[in-house]
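K.L.:
Build the full structure now, drawing on both the sequences and the hints.
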Amino acid sequence: MPNISKPACVEPAEWRARVGMVACTLLFAALAAVGISRAIAAKISPADHVVKIENMQYSPPTLRVAVGDRVEFRNADLVPHTATAKPAGAFDSGLVKPGESWSLVANAAGSFVYTCTFHPMMAGKLVVEDP
Amino acid sequence: MKTIQCFALALGLLAVPAFAQPKVSDAQIAAIVVAANQVDIDAGKVAAKKSTDAEVKKFAETMVTDHTAVNKSAVELVTKLKVSPAENDTSRALKAGGEKNLAELRAHKGKAFDKAYVDHEVTYHEQVIQAIDTVLIPNAQNAELKALLVKVRPAFIEHLNHAKHLQARLR
Chain A
1 MPNISKPACV EPAEWRARVG MVACTLLFAA LAAVGISRAI AAKISPADHV VKIENMQYSP
61 PTLRVAVGDR VEFRNADLVP HTATAKPAGA FDSGLVKPGE SWSLVANAAG SFVYTCTFHP
121 MMAGKLVVED P
Chain B
1001 MKTIQCFALA LGLLAVPAFA QPKVSDAQIA AIVVAANQVD IDAGKVAAKK STDAEVKKFA
1061 ETMVTDHTAV NKSAVELVTK LKVSPAENDT SRALKAGGEK NLAELRAHKG KAFDKAYVDH
1121 EVTYHEQVIQ AIDTVLIPNA QNAELKALLV KVRPAFIEHL NHAKHLQARL R
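As given, the protein sequences belong to chains A and B, one line each in that order. Note that our numbering gives residue 78 to position 78 of the first sequence, counting from 1, and the numbers run on in steps of one. Quick note: to get our numbering, add 1000 to the position in the second sequence (first position is 1).
In short, the hints are calculated from the structure, not lab data. Backbone N, C-alpha and C fix where the C-beta goes; we use that ideal spot for every residue, glycine too. One should not assume that every hint holds.
For lysine-lysine, the following BS3-like pairs were computed, each having C-alpha atoms within a straight-line distance of at most 30 angstroms [as the list claims (entries may be wrong)]: (1) A:K52 x B:K1080; (2) A:K97 x B:K1080; (3) A:K97 x B:K1082; (4) A:K86 x B:K1049; (5) A:K86 x B:K1082; (6) B:K1057 x A:K52; (7) B:K1095 x A:K125; (8) A:K125 x B:K1151; (9) B:K1164 x A:K52; (10) A:K97 x B:K1050; (11) B:K1050 x B:K1146; (12) A:K97 x B:K1023; (13) A:K52 x B:K1109; (14) A:K86 x B:K1095; (15) A:K86 x B:K1050; (16) A:K97 x B:K1072; (17) A:K125 x B:K1082; (18) B:K1151 x A:K86; (19) B:K1111 x A:K86; (20) A:K125 x B:K1057; (21) B:K1057 x A:K86; (22) B:K1109 x A:K97; (23) B:K1111 x A:K52; (24) B:K1146 x A:K86; (25) A:K52 x B:K1072; (26) B:K1072 x B:K1045; (27) B:K1049 x A:K97; (28) A:K125 x B:K1058; (29) B:K1045 x A:K97.
Some chain B residues flagged as far from chain A (calculated, every beta-carbon gap over 10 angstroms) [unchecked claim]: (30) A1027; (31) E1061; (32) D1066; (33) A1069; (34) P1085; (35) A1086; (36) D1119; (37) P1154.
P.N.:
So this is what it looks like as structure tokens:
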């Protein structure tokens, strides 16, 4: 009986390998796309944060934000307060009346301790990170 | 009698057991709160003008601002609740003590003034906080009045801590 050679087709093992490689490539591309779009989103749509001033405290006492984010200091207390960086310079809300707010945009990375100029026993910390 | 002892007596009147004296009414609580704040506003105004120490001056200005704000909230609330503050032995004694304190402060000057003012602020805030905790909050009938007293308390604690910090420095 003459030798009949097998037709030239893809072996099952090699097929699985090819499918696997394509799947991995597609997954990587998808993840990269998501990662890139999130980075773009972070740069073009900064987040908003609130520090509530109540019971003679800043809440949360330490807030971490990204450069470009907005921070609103909301006075929910009965008495006026400030949010004043110390040493002086980085930011100063001035007097914020009960029921009123003051906002800043975090323009530079850094760690900023702040207090109320009327109530120096109060302390807060704002940490601004690169996105 | 020393002024601060007058305040202790005034606020101590509130601590008499219920069976010996009627409970403090919301109207009486309102009068006590307003009188207690006014004592500190008046003392703060004198100290803001007279003190030669920058931190004591700033503290005094804060006392005026804060106690004025608390009185504003208290008066707005009792007006809304249609409660007329009812003068009573304690509110009258507080006012009398306040006048005596002002006379004593006027007799001092320089560092002696600053020390007298701050010492008084420490003891006064301790007494007021004790009255808030043991009499005013427990006896407040109206929920909003009680909530206001609870909300005010942290401010008085901060004032006390701030005054103690100054007192330590002026020793």
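K.L.:
Determine for every hint whether it applies to the structure shown.
P.N.:
Do the hints match the structure? See the list:
For the hint linking K52 (chain A) to K1080 (chain B), the alpha-carbon distance of about 26 angstroms falls within 30 angstroms, and the restraint holds. Proposed proximity of K97 (chain A) and K1080 (chain B) is supported: the alpha carbons are some 21 angstroms apart, at most 30 angstroms. Simply put, K97 (chain A) and K1082 (chain B) have alpha-carbon atoms about 26 angstroms apart, close enough for the 30 angstroms limit, and the pair holds. For the proposed pair K86 (chain A) and K1049 (chain B), the alpha carbon gap of about 27 angstroms is at most 30 angstroms, so the pair holds.
For the hint linking K86 (chain A) to K1082 (chain B), the alpha-carbon distance of about 45 angstroms lies beyond 30 angstroms, and the restraint is violated. With a C-alpha separation of about 28 angstroms, the suggested pairing of K1057 (chain B) with K52 (chain A) holds against the 30 angstroms cut-off. Between K1095 (chain B) and K125 (chain A), the direct Cα distance comes to roughly 41 angstroms. Violation of the 30 angstroms bound is thereby established for this hinted pair. Annotation: proposed proximity of K125 (chain A) to K1151 (chain B) holds, straight-line Cα distance about 24 angstroms (limit 30 angstroms).
Only pairs whose Cα atoms come within 30 angstroms are accepted, and K1164 (chain B) paired with K52 (chain A) is accepted, the gap being roughly 26 angstroms. Our distance criterion of 30 angstroms between C-alpha atoms is met by K97 (chain A) and K1050 (chain B), whose separation comes to about 26 angstroms. For the hint pairing K1050 (chain B) with K1146 (chain B), the CA-to-CA distance comes to about 36 angstroms; that exceeds 30 angstroms, so the pair is violated. Note on K97 (chain A) and K1023 (chain B): the hinted pairing is violated, with a Cα-Cα distance of about 35 angstroms set against a maximum of 30 angstroms.
For the hint linking K52 (chain A) to K1109 (chain B), the alpha-carbon distance of about 40 angstroms lies beyond 30 angstroms, and the restraint is violated. A hinted pair counts as satisfied when its Cα atoms are at most 30 angstroms apart, and K86 (chain A) with K1095 (chain B) does not qualify at roughly 39 angstroms. Distance hint between K86 (chain A) and K1050 (chain B) is fulfilled; the C-alpha atoms sit about 28 angstroms from each other, no more than 30 angstroms. A threshold of 30 angstroms between alpha carbons decides the hint, and for K97 (chain A) with K1072 (chain B) the separation of about 13 angstroms falls inside it, so the pair holds.
Taken as a hint, the K125 (chain A) and K1082 (chain B) pair is broken in the structure, with Cα atoms around 42 angstroms apart against an allowance of 30 angstroms. Straight-line distance between C-alpha atoms of K1151 (chain B) and K86 (chain A) comes to about 27 angstroms, which keeps the hinted pair within the 30 angstroms bound. With a CA separation close to 28 angstroms, the supplied pair K1111 (chain B) and K86 (chain A) stays within the 30 angstroms bound. Only pairs whose Cα atoms come within 30 angstroms are accepted, and K125 (chain A) paired with K1057 (chain B) is accepted, the gap being roughly 27 angstroms.
Distance check on the hinted pair: K1057 (chain B) and K86 (chain A) sit about 20 angstroms apart at the alpha-carbon level, within 30 angstroms; holds. This hinted pair does not check out: K1109 (chain B) and K97 (chain A) have alpha carbons roughly 33 angstroms apart, beyond 30 angstroms. Distance hint between K1111 (chain B) and K52 (chain A) is unfulfilled; the C-alpha atoms sit about 38 angstroms from each other, more than 30 angstroms. With a C-alpha separation of about 36 angstroms, the suggested pairing of K1146 (chain B) with K86 (chain A) is violated against the 30 angstroms cut-off.
Only pairs whose Cα atoms come within 30 angstroms are accepted, and K52 (chain A) paired with K1072 (chain B) is accepted, the gap being roughly 22 angstroms. With a C-alpha separation of about 17 angstroms, the suggested pair K1072 (chain B) and K1045 (chain B) falls inside the 30 angstroms cut-off, and the hint holds. With a CA separation close to 23 angstroms, the supplied pair K1049 (chain B) and K97 (chain A) stays within the 30 angstroms bound. In summary, the hint linking K125 (chain A) to K1058 (chain B) is supported, as the alpha carbons are separated by about 23 angstroms, within the 30 angstroms threshold.
Simply put, K1045 (chain B) and K97 (chain A) have alpha-carbon atoms about 20 angstroms apart, close enough for the 30 angstroms limit, and the pair holds. A1027 (chain B), annotated as away from the interface, keeps every beta carbon of chain A farther than 10 angstroms; the closest lies near 21 angstroms. A beta-carbon of chain A comes within 10 angstroms of the beta-carbon of E1061 (chain B); the shortest separation is about 8 angstroms. Annotated as non-interface, D1066 (chain B) brings its C-beta within 10 angstroms of a C-beta of chain A; the closest such distance is 4 angstroms.
Distance check for A1069 (chain B) against chain A: the nearest CB is about 5 angstroms away, which does not clear 10 angstroms, and the non-interface claim fails. With a closest Cβ-Cβ approach of about 18 angstroms to chain A, P1085 (chain B) is found to remain outside the 10 angstroms limit, as its non-interface label requires. Against the 10 angstroms criterion, A1086 (chain B) stays outside the reach of chain A, whose nearest CB is about 23 angstroms from its own CB. Listed as a non-interface residue, D1119 (chain B) keeps its Cβ farther than 10 angstroms from every Cβ of chain A; the least gap is roughly 19 angstroms.
A cut-off of 10 angstroms between C-beta atoms contradicts the statement that P1154 (chain B) is not in contact with chain A; the least separation is 4 angstroms.
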